[in-house]
Amino acid sequence: MTFIFSLAFSLLLTLSAPGTGTADASPHTPPSDDNARDVFEELDRRRTTIEYESSRMTMIIHSSRGSTRTRELRTWSINRDDESKQLTFFESPADVRDTGLLNITSNGDEHQQVYLPAVGRVQTIGSSERGDRFMGSDFTYEDLGQQNPDNYDFEEVDRDSERILLKAMPQHDSQYDHIFYHIDPDDYLLMKAEYIDHDGNKIKRLEVGEYQNIRDDIWRADYMVMHDLENDRKTELRWEDRTFDEPISADLFTERQLRRGIPR
191 MTFIFSLAFS LLLTLSAPGT GTADASPHTP PSDDNARDVF EELDRRRTTI
241 EYESSRMTMI IHSSRGSTRT RELRTWSINR DDESKQLTFF ESPADVRDTG
291 LLNITSNGDE HQQVYLPAVG RVQTIGSSER GDRFMGSDFT YEDLGQQNPD
341 NYDFEEVDRD SERILLKAMP QHDSQYDHIF YHIDPDDYLL MKAEYIDHDG
391 NKIKRLEVGE YQNIRDDIWR ADYMVMHDLE NDRKTELRWE DRTFDEPISA
441 DLFTERQLRR GIPR
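Heads up, the sequence shown is in this note's numbering, so the first residue is 191 and it goes up one at a time.
Any given hint might turn out to be false.
Claimed, not checked - Straight-line alpha carbon distances no greater than 30 Å define the calculated DSSO-like cross-link-like pairs of lysine-lysine that follow:
hint	residue 1	residue 2
1	392	424
2	424	382
3	392	382
Derived from the structure by calculation, the hints contain no laboratory data.
Can you make the complete structure from the sequences, with help from the hints?
This is how it looks when you write it as structure tokens:
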């Protein structure tokens, strides 16, 4: 998933006290904070520094009644020349196998397509669908898209030795009014994100952990969980069998490959 890295991001809430993580109402949107933008841009730089990456993933969807559904996925990504591409396919169970999602971001413009084998067609995700759940999970298409810093205003709400708290406010149509990002100040790791709707309600929470140092200042999380706070459910993602810096053909990131299914 891209944000995920993915992860999607203008008004009304600030923290009631430094370090509490509790949101209170505020009547004005602050101007974008250059220091906060620098922090997010560094987070984004470290995310996109690796040119080629592929992995296997396990997704576990937990319902409010305690039942679970487990799905296996594969992903491939390229970050090169101001362009990011990611292809994701479901491997199992059989009823979702070869369902695919293609994300392409070029010069700040994002394009998302999903292929549904059951209906045999590719669907382009428009702005009205970006808030829809992806394959019944608690991640929406917006959550799985690229988070271009140029599309947000930022405010640094709090900073101490253990975390930087950023408030990100979208400049475009979004299901979220803003998002609070909790970032490790030493290694620029995303630890948690809190998603606030346009009524000021905290509706989702993303928790990220089990980071592995890939090289130098580049880290990757092996685990994350998105909580749907409104519906008392959650979706876990766990990465395994990651491969870095092995060239991936650009032909993989096409509508043709999306229709063909998992690369053999």
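Comparing the hints with the structure gives:
no., hint, result
1, 392 with 424, "holds (15 Å)"
2, 424 with 382, "holds (14 Å)"
3, 392 with 382, "holds (13 Å)"
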